[in-house]
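Undergrad: Read off the chains here:
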Amino acid sequence: MTDTPYSLAELVIVACAEVWRDDGEVMATGIGPLPRIGAGLAKLTFAPAIQTTDGEAWYTSAPVGPGKRTAEPEFEGIANYDRVFSALWSGKRHALVGPVQIDRYGQANISVIGDHKKPKAAMLGARGFPGNSISHPNSFFFPSHNKRAFVEGEVDFVCMAGYNPARYRNGQPPKGLDLRRIITNLCVMDFGGPDHQVRVISLHPGVTFEEVQENTGFPLAKITDEIPTTPAPTAEQLEIIARIDPNNVRASVFKDNPAGDRKAA
Amino acid sequence: MLDKRMTVDDIVDQLSDGMTIGVGGWATRRKPMALIRAIARSNLKDLTLMAGYGGPDIGMLAATGKIRKLVFAFASLDHYPLEPHFRNARQAGAFEVLELDEGLYHWGLRAGAMKLPFLPSRVGIGTDIVTQDGFDFKYVTSPYGDGEELLAMPALVPDVALIHAHRSDERGNILTLSVDALFDELLVRAAKKSYVTVEKIVPTAELDMKANSRFNLVERAMITGVAEAPLGAHPTSAAPDYQLDLKHIKAYVDSAASPEAWADYKAKYIDVPEADYQAAIGGADVVKQLPVPIY
Chain A
1 MTDTPYSLAE
11 LVIVACAEVW
21 RDDGEVMATG
31 IGPLPRIGAG
41 LAKLTFAPAI
51 QTTDGEAWYT
61 SAPVGPGKRT
71 AEPEFEGIAN
81 YDRVFSALWS
91 GKRHALVGPV
101 QIDRYGQANI
111 SVIGDHKKPK
121 AAMLGARGFP
131 GNSISHPNSF
141 FFPSHNKRAF
151 VEGEVDFVCM
161 AGYNPARYRN
171 GQPPKGLDLR
181 RIITNLCVMD
191 FGGPDHQVRV
201 ISLHPGVTFE
211 EVQENTGFPL
221 AKITDEIPTT
231 PAPTAEQLEI
241 IARIDPNNVR
251 ASVFKDNPAG
261 DRKAA
Chain B
266 MLDKRMTVDD
276 IVDQLSDGMT
286 IGVGGWATRR
296 KPMALIRAIA
306 RSNLKDLTLM
316 AGYGGPDIGM
326 LAATGKIRKL
336 VFAFASLDHY
346 PLEPHFRNAR
356 QAGAFEVLEL
366 DEGLYHWGLR
376 AGAMKLPFLP
386 SRVGIGTDIV
396 TQDGFDFKYV
406 TSPYGDGEEL
416 LAMPALVPDV
426 ALIHAHRSDE
436 RGNILTLSVD
446 ALFDELLVRA
456 AKKSYVTVEK
466 IVPTAELDMK
476 ANSRFNLVER
486 AMITGVAEAP
496 LGAHPTSAAP
506 DYQLDLKHIK
516 AYVDSAASPE
526 AWADYKAKYI
536 DVPEADYQAA
546 IGGADVVKQL
556 PVPIY
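Taken in sequence, the protein lines are chains A and B. All letters in the first sequence, in the order written, are residues 1 to 265 by this note's numbering. All letters in the second sequence, in the order written, are residues 266 to 560 by this note's numbering.
Take the hints with a grain of salt, since some may be wrong.
Said to hold, decoys possible - DSBU-like, lysine-lysine: derived pairs with alpha carbons at most 30 Å apart:
1. A/K117 - B/K531
2. A/K68 - B/K515
3. A/K120 - A/K222
4. A/K118 - B/K380
5. B/K515 - B/K334
6. A/K117 - B/K475
7. B/K515 - A/K120
8. B/K310 - B/K533
9. A/K175 - B/K403
10. B/K553 - A/K120
Said to hold, decoys possible - Only part of the chain B face toward chain A is listed, based on derived beta-carbon distances under 10 Å:
11. F337
12. S341
13. G358
14. L365
15. G368
16. P382
17. P385
18. S386
19. R387
20. V395
21. Y404
22. S523
23. W527
24. I559
Since the hints were made in silico from the structure, they are not lab data. For glycine and all other residues, C-beta sits at the position ideal for the given N, C-alpha and C.
Could you build the full structure based on these sequences and the hints that come with them?
TA: Now the structure itself:
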């Protein structure tokens, strides 16, 4: 533990970085500022082999943070559109993405809210979610942990496949389906409960399991009766985060940029 | 001498009601917008639009009521993640959709390019891609020892492909000079006919094909016609010639706020000759100075 004050965004970045800890040499895709900075933190600390991009078409030697850049980064490889699919279908990628809805099976949605033919809200479309989900490991970030995101039934349009036997003609998902972690403003979860049940593995400081459960549309498991607290960023991690994100984009993710330890606040 | 030069309007004259039209590019990169604007102001209707990686091409044709069915994986303006005209049309139930994964879309183009009825894939399995009403997906079982059941992604075969490139000679030897060629090659190979707009038509020698070979995506036999359309991708990018125009894209986004706002945009930027459009956006000097965007 550290006495250095840290924000909720920085706590989340550290939790995001952890998803790549044991991945080896893979393409690490973090969508959105906190997952992207998290991938950078992982690369500069315990996961130096992962490859990250400039957000457009190149792999870079050092992580590129969000927002304005002072210099052009050093490019170490090409990640054009065609190559991204070649890489992801090989399985050598772990993406940390931000869907709009997720359900108890890990099925995730970014396409529509409501009926697919005439949606209440049309969003992006399925993008590459279907292929990602059955090809390589995936983790998730949700900035607002609530029942609109963590839905009671199935998501409105299943873009990412999950652990739902009814969705598979032989009852079994493809071998590549590997859902890892869910990081939110309240906690960190995985799919390690019985039959891949979503399970709380750490609570952010000052958050209770009951609070998480009340904001989730399906029953959650616990890793242990006494759920650990999400580790606070170390002083070294905070320094590296500031280096990756000199524009301080991380301060704009959560309203009023709250402190990471809500007990102390 | 083989001469495939046409005008943008000549190309639109080759299109007809009910056609399946494939559009190249990606969101805000190398969309053939001069052609899209010309289609938007034409009398064409009931189009099936294949735009897997959609941007203002989808939005503009949605807002002008040209689409009967849309085959796509997403519609986005990237820096403005949601395509507002696409949203308005979808939420009004204005057209049918076949929603695909990005990779599955390119797999369908690849099948079309290879003249195969389908290609097997795992992509889509376990999702609502395979349960939607837009298409009755079938499966194949691997004939080898593994016996895995796979999705049979049908070939996507547009009647016409429309893409934007940087250079061409009059025979249709084209160069796509951007870092990322996207999937324009497969789209052209899958389509029955392909029309290309380019920034500049030059003598063959000026293509400097020996130095630029990697930018030549397809044989000229695949190219039906080529039209010179400078700034023809605007407001999307045709880097390295010019970057996307975020200010114009913002104006386009704002035009979805009301029917009046859209009527204003349409009158100023669509229902005008391309020369007036170019003047309205500040001309080539301004567009070529647009800053490189941050991702």
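Undergrad: All hints, please: hold or fail.
TA: So, going through the hints one by one against the coordinates:
no.: 1; hint: A/K117 - B/K531; in the structure: holds, 27 Å
no.: 2; hint: A/K68 - B/K515; in the structure: holds, 19 Å
no.: 3; hint: A/K120 - A/K222; in the structure: violated, 35 Å
no.: 4; hint: A/K118 - B/K380; in the structure: violated, 34 Å
no.: 5; hint: B/K515 - B/K334; in the structure: holds, 27 Å
no.: 6; hint: A/K117 - B/K475; in the structure: violated, 50 Å
no.: 7; hint: B/K515 - A/K120; in the structure: holds, 24 Å
no.: 8; hint: B/K310 - B/K533; in the structure: holds, 22 Å
no.: 9; hint: A/K175 - B/K403; in the structure: holds, 20 Å
no.: 10; hint: B/K553 - A/K120; in the structure: violated, 40 Å
no.: 11; hint: F337; in the structure: holds, 6 Å
no.: 12; hint: S341; in the structure: holds, 6 Å
no.: 13; hint: G358; in the structure: holds, 3 Å
no.: 14; hint: L365; in the structure: holds, 7 Å
no.: 15; hint: G368; in the structure: holds, 4 Å
no.: 16; hint: P382; in the structure: violated, 21 Å
no.: 17; hint: P385; in the structure: violated, 12 Å
no.: 18; hint: S386; in the structure: holds, 8 Å
no.: 19; hint: R387; in the structure: holds, 5 Å
no.: 20; hint: V395; in the structure: holds, 9 Å
no.: 21; hint: Y404; in the structure: holds, 7 Å
no.: 22; hint: S523; in the structure: violated, 18 Å
no.: 23; hint: W527; in the structure: violated, 17 Å
no.: 24; hint: I559; in the structure: holds, 6 Å
In this structure, the earlier hints numbered 3, 4, 6, 10, 16, 17, 22, 23 are contradicted, and the remaining ones agree with it.
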